[in-house]
Amino acid sequence: MAVTPKPVDLTTDLGFLKLRNPVLTASGTFGYGLEFEPYLDLDKLGGIVVKGLYDKAREGNPPPRLVETPSGLINAIGLQGVGVESFAAKILPKLRQLKTAVIVNVCGADDDEYAAVVEFLDKQEGIAAYELNISCPNVKKEGACPALSPRTTFDLVKRIKAASRRPLITKLSPNVTSIVEIAQAAEEAGTDAVALINTVLAMAIDLETRRPKLGNVYGGLSGPAIKPIALRMVHQVASRLKVPVIGMGGIMTGADALEFLVAGAAAVEVGTASFVDPDAAVRIVDEMERWCAAHGVAAVRDVVGTLKTA
Amino acid sequence: MAVTPKPVDLTTDLGFLKLRNPVLTASGTFGYGLEFEPYLDLDKLGGIVVKGLYDKAREGNPPPRLVETPSGLINAIGLQGVGVESFAAKILPKLRQLKTAVIVNVCGADDDEYAAVVEFLDKQEGIAAYELNISCPNVKKEGACPALSPRTTFDLVKRIKAASRRPLITKLSPNVTSIVEIAQAAEEAGTDAVALINTVLAMAIDLETRRPKLGNVYGGLSGPAIKPIALRMVHQVASRLKVPVIGMGGIMTGADALEFLVAGAAAVEVGTASFVDPDAAVRIVDEMERWCAAHGVAAVRDVVGTLKTA
Amino acid sequence: MTIDRNARLREVQSWGDHFRFVIDAPAIGRDARPGQFVMVKVSEGSAPLLRRPLGIHDADATGIELFFRVAGRGTEILSRKRAGERLDIIGPLGRGFTLAPAAKGRTAYLAGGGRGIAPLYFLARALTAAGAKPVIFYGGRGLADIPLRDRLEKAGFEVQCSTDDGSFGFAGFVTALVEKELARVKPAVVYACGPDPMMKALAAITAKHGLPAEFSLESIMGCGIGACWGCVHRIRNEGGDGWVKICEEGPVFPGERILWP
Amino acid sequence: MTIDRNARLREVQSWGDHFRFVIDAPAIGRDARPGQFVMVKVSEGSAPLLRRPLGIHDADATGIELFFRVAGRGTEILSRKRAGERLDIIGPLGRGFTLAPAAKGRTAYLAGGGRGIAPLYFLARALTAAGAKPVIFYGGRGLADIPLRDRLEKAGFEVQCSTDDGSFGFAGFVTALVEKELARVKPAVVYACGPDPMMKALAAITAKHGLPAEFSLESIMGCGIGACWGCVHRIRNEGGDGWVKICEEGPVFPGERILWP
Ligand SMILES: Cc1cc2nc3c(=O)[nH]c(=O)nc-3n(C[C@H](O)[C@H](O)[C@H](O)COP(=O)(O)OP(=O)(O)OC[C@H]3O[C@@H](n4cnc5c(N)ncnc54)[C@H](O)[C@@H]3O)c2cc1C
Ligand SMILES: Cc1cc2nc3c(=O)[nH]c(=O)nc-3n(C[C@H](O)[C@H](O)[C@H](O)COP(=O)(O)OP(=O)(O)OC[C@H]3O[C@@H](n4cnc5c(N)ncnc54)[C@H](O)[C@@H]3O)c2cc1C
Ligand SMILES: Cc1cc2nc3c(=O)[nH]c(=O)nc-3n(C[C@H](O)[C@H](O)[C@H](O)COP(=O)(O)O)c2cc1C
Ligand SMILES: Cc1cc2nc3c(=O)[nH]c(=O)nc-3n(C[C@H](O)[C@H](O)[C@H](O)COP(=O)(O)O)c2cc1C
Ligand code: FES
Ligand code: FES
Chain A
323 MAVTPKPVDL TTDLGFLKLR NPVLTASGTF GYGLEFEPYL DLDKLGGIVV
373 KGLYDKAREG NPPPRLVETP SGLINAIGLQ GVGVESFAAK ILPKLRQLKT
423 AVIVNVCGAD DDEYAAVVEF LDKQEGIAAY ELNISCPNVK KEGACPALSP
473 RTTFDLVKRI KAASRRPLIT KLSPNVTSIV EIAQAAEEAG TDAVALINTV
523 LAMAIDLETR RPKLGNVYGG LSGPAIKPIA LRMVHQVASR LKVPVIGMGG
573 IMTGADALEF LVAGAAAVEV GTASFVDPDA AVRIVDEMER WCAAHGVAAV
623 RDVVGTLKTA
Chain B
323 MAVTPKPVDL TTDLGFLKLR NPVLTASGTF GYGLEFEPYL DLDKLGGIVV
373 KGLYDKAREG NPPPRLVETP SGLINAIGLQ GVGVESFAAK ILPKLRQLKT
423 AVIVNVCGAD DDEYAAVVEF LDKQEGIAAY ELNISCPNVK KEGACPALSP
473 RTTFDLVKRI KAASRRPLIT KLSPNVTSIV EIAQAAEEAG TDAVALINTV
523 LAMAIDLETR RPKLGNVYGG LSGPAIKPIA LRMVHQVASR LKVPVIGMGG
573 IMTGADALEF LVAGAAAVEV GTASFVDPDA AVRIVDEMER WCAAHGVAAV
623 RDVVGTLKTA
Chain C
46 MTIDRNARLR EVQSWGDHFR FVIDAPAIGR DARPGQFVMV KVSEGSAPLL
96 RRPLGIHDAD ATGIELFFRV AGRGTEILSR KRAGERLDII GPLGRGFTLA
146 PAAKGRTAYL AGGGRGIAPL YFLARALTAA GAKPVIFYGG RGLADIPLRD
196 RLEKAGFEVQ CSTDDGSFGF AGFVTALVEK ELARVKPAVV YACGPDPMMK
246 ALAAITAKHG LPAEFSLESI MGCGIGACWG CVHRIRNEGG DGWVKICEEG
296 PVFPGERILW P
Chain D
46 MTIDRNARLR EVQSWGDHFR FVIDAPAIGR DARPGQFVMV KVSEGSAPLL
96 RRPLGIHDAD ATGIELFFRV AGRGTEILSR KRAGERLDII GPLGRGFTLA
146 PAAKGRTAYL AGGGRGIAPL YFLARALTAA GAKPVIFYGG RGLADIPLRD
196 RLEKAGFEVQ CSTDDGSFGF AGFVTALVEK ELARVKPAVV YACGPDPMMK
246 ALAAITAKHG LPAEFSLESI MGCGIGACWG CVHRIRNEGG DGWVKICEEG
296 PVFPGERILW P
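Protein chains in written order, with my numbering: chain A, 323 to 632; chain B, 323 to 632; chain C, 46 to 306; chain D, 46 to 306.
There could be a bad hint or two in this list.
[To be verified] Below, computed lysine-lysine pairings styled on DSS-like, alpha-carbon distance capped at 25 Å: (1) A:Lys-378 to A:Lys-340; (2) A:Lys-445 to A:Lys-483; (3) D:Lys-253 to D:Lys-225; (4) D:Lys-149 to D:Lys-178; (5) B:Lys-421 to B:Lys-445; (6) A:Lys-340 to A:Lys-421; (7) C:Lys-126 to D:Lys-126; (8) D:Lys-149 to C:Lys-86; (9) D:Lys-225 to D:Lys-178; (10) D:Lys-253 to D:Lys-231; (11) C:Lys-86 to D:Lys-86; (12) C:Lys-126 to D:Lys-86.
Everything labelled a hint here was simulated from the structure, so no lab data went into it.
Using the sequences plus the hints, can you model the full thing?
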């Protein structure tokens, strides 16, 4: 495109947090961030949401943990990872040096563990916000996660919000009848923003062996296959909530990201795309900037919520 | 493959209905059946589920009604079609000549209309069963469809089952928190089988015009993109229900169909695939037969529910 | 209505992002009528998922020709096919143009906007064979949008070109060119294929002059065979206006039946 | 660790469903060590979505070579690439083989099962350059599975082939062939790459003989760069056994650390 690049204002204000641009990396798809240093300039990101952290290190699920599906990926990692202490000791000091906002995805096998993670992290510096992953299987409730009911969502968000000194983003699961009800429950409980969507519960079968293709039988579907579902949910929620919405699900290009903004998201997260192209998130920032310049859009925030439905 | 074709028993017994083979065509993706006569031998199908019928002819939604997404298709046809009388007068007489089971997908803008459709059809001959499409937007309930709650599902199924002289298959929506709860409600209400999944609520946006790509804003996602979700739901439901399960969602090949059987489906429906290849359903029957022959499976029913999860 | 899964791409001709395919597909070629279309599979995988509708650019007992412009991923994949490769094509589909109004010795105007020229070549051949006199109006934004001008002239048709930017032929919309010519010669019928705004304007012009007209409509198509109800356009019907499947009752409709948005 | 989006496919060699690619990718070639791998993009669209991991078959300052067998849609798409086309490759990735145990003058056994031969060519070259004596054991089900036998011999390596069906060389599993040879010559180290059952059996054999061994593991990989935690294998660690990312700590591990399923 032969466009004279005009400066485009990419800054994004979530109210509780100012970002250099509206592109964050999605939890679990960008490791702890540092893995990507060889491939992109971490300072060029709007934010990094690190892999979900439990109080203690976790084993994760037996392999196979991944299976590719048409335009999608199912994962059943089982939130393997270092515990919160190891994160604070070995990783956070490096992330703190970045100009990019660091957001920690908070996990828990029950409400107490979520609270423990936040209590510990509250004592650390260099974290911009928490993203509450309410899709963690609850060990006491037959694996049901808080994200599946407005009641459990409300209770957990309320407790964590009260306990924490930092802004709280609640990350919603798409595996519900009414995403709006859940989002509203999170808002009523005081969340500062909602992020959606987490992965869609799915499975794949190996016909020859007649076994599930994942060690854990079920897993979460992500990638372009779910983008139409994600976009619908973001649109449903954004028009009903006062707090900002962070949209994600299958974003591969700047155009995809801008569609989420048009649907009402104030910012986006880039997930599976980072597996295909480790530099995807920064490319997406660049593509958004170029699109805005080419379309005479002075500030990317002017695109937010501009869907015309009449 | 250099396989000496052994005769494979493809017959499928749903209890209330014996099928030549386990492959039916999914409602709304196979017109009223006759459209496909130039492309395949309708007698080779296990069954034809015709396009959803309301009591009266319907206008449908304004175009655009279709949008392609990665490995998927979103449709917002709005159930345009002939009414039940016109169907009985012009189409059913021809369908009756087929050796294939004819199943009518029953729609209604409220419970009364569903009942009216069944009352009328009960007087016609040549219908093997009804497939109750509980995903129709309800005009009296802000567009909410019965499929979204166990209560409304139970009430509708109970009423239609009591009113009808024919076997009833209840077709479930995937847009729910617990597909098992809904399926169980349908079972308790007396359904003879469940069919799943209907399309996943989705949307697409045209970035250049900042308009929804569908005239109706939201539509239903089908095709390979949703297969992993469908397979998971079929597996969840099949292990919990006594009545047979008919599985569908993104089936494009015989292998896909067999995976649904392995997951527990007694039969399958082929949807979007018929748009890509009008003869897809019969090709799928052939592929299933060849696979069984090559794997020494004497009867396709022996594959049903054979998933090994330990 | 045949599924030819083994149609051989005999020849490829290209001008920038426009392509002409000559394809061995006898069963489809034999049955084809001007204005009908085919559904072409563009990928073996699931993305893109659906076939793409393309008008029949020409046909004979050996097969068909297609003429298309790259519009997105599907046509882009198609454009990379090489002579000798196999295509999977369903056709001929739909109802084409009515040749009757252009009887022996009479003049017919054929207006094509951009890729809309595709079916008009076949139509012009059929009209010529029937003894009528087709005059082709071929418009585009610029010179690059009207690559078929030489081919049409070499085939012996009377061709008048227009470009919006004035880089070739009449400067302005092809509709303006047609209107100008209508003042000189009144044809027996006007046929057109092109973007909606062009056809809508032409519908107004032909109505004003009381001329019979037929337009070939476009829409996103799920199946091309009347099964999905996805391809509807608003059409005036005896029983009342309604959404009509253009793959089945069209893509060609008489001007007076089309209700423009 | 470079993303080379413009790697030029210089040369393609093929034997049935096996392919050898010679690729201009200087930045990757220069850094590559035997046993490392690359992640190759197979489609521009979303299906297949992920890159495919392939071992580095050879490397120098101008680029790398790959050797692969068509296993599914991704490798099938790759196999249709022609010389001159561009590839999008990330690498070199992971940790390769430790050359130290095969010091000057010593013998090293390299056992490759089927496509597992891929990284062993590069390894054999490096061992030879270091003055060690590689002996390559190359096994497959039949003759069609061991297409590289000529190439290995022409490169001057000592090669012993095996086929399960006895169509070429030793009749039986490559592990049996290695065991037979162990009775004759005891190497300083055994390196292997191939199907899990083969490597598991070889792990038992080398353990029995008290030989150091290194195995290159395979797993479905989401990212290849340590970010997705998808590619884990059970590995013995000082701090206890656990699931270890083979793209980061492997794909090559010492035999005694690998816990087989
Ligand atoms: C009956 C019929 C005959 C046609 N004949 C020709 C022809 O002879 N030559 C030719 O170049 N084109 C023709 N078209 C248009 C052609 O089908 C589209 O350009 C093509 O489907 C776009 O596919 P794509 O994957 O390249 O682009 P996509 O990425 O799918 O879409 C690119 C753009 O084209 C629009 N589009 C997609 N599908 C269609 C469609 N079916 N009709 C119209 N717009 C669409 C999309 O909304 C988008 O704006 C015809 C269309 C119809 C309905
Ligand atoms: C570190 C590493 C190095 C490799 N080096 C080579 C090599 O040099 N030459 C070569 O021919 N192959 C190599 N492989 C295997 C190669 O990656 C797979 O064959 C390929 O990814 C299959 O992709 P596909 O799309 O063709 O098949 P798919 O349709 O994706 O799968 C076909 C079959 O292969 C299995 N599979 C898929 N991905 C992988 C994978 N990453 N590893 C193992 N099995 C898989 C699937 O479960 C399925 O059974 C390597 C794998 C790894 C992990
Ligand atoms: C391998 C993998 C691991 C993930 N781990 C987490 C996690 O730890 N916490 C979380 O909230 N979401 C996790 N997710 C979900 C993503 O953050 C994101 O919500 C989802 O993948 C949809 O976005 P995408 O389609 O762009 O990938 C994970 C996704 C993948 C693919
Ligand atoms: C264009 C279209 C129209 C449909 N119409 C109906 C319908 O009338 N009644 C119904 O129960 N399902 C309808 N469906 C849903 C399908 O029957 C099927 O449940 C769904 O498409 C998933 O299967 P697939 O992925 O194989 O297409 C329709 C689907 C499509 C794509
Ligand atoms: S394209 Fe399916 S009905 Fe016309
Ligand atoms: S492949 Fe992603 S962590 Fe190894």
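*Violated constraints from the hint list, given by number and in increasing order*: 1 and 8
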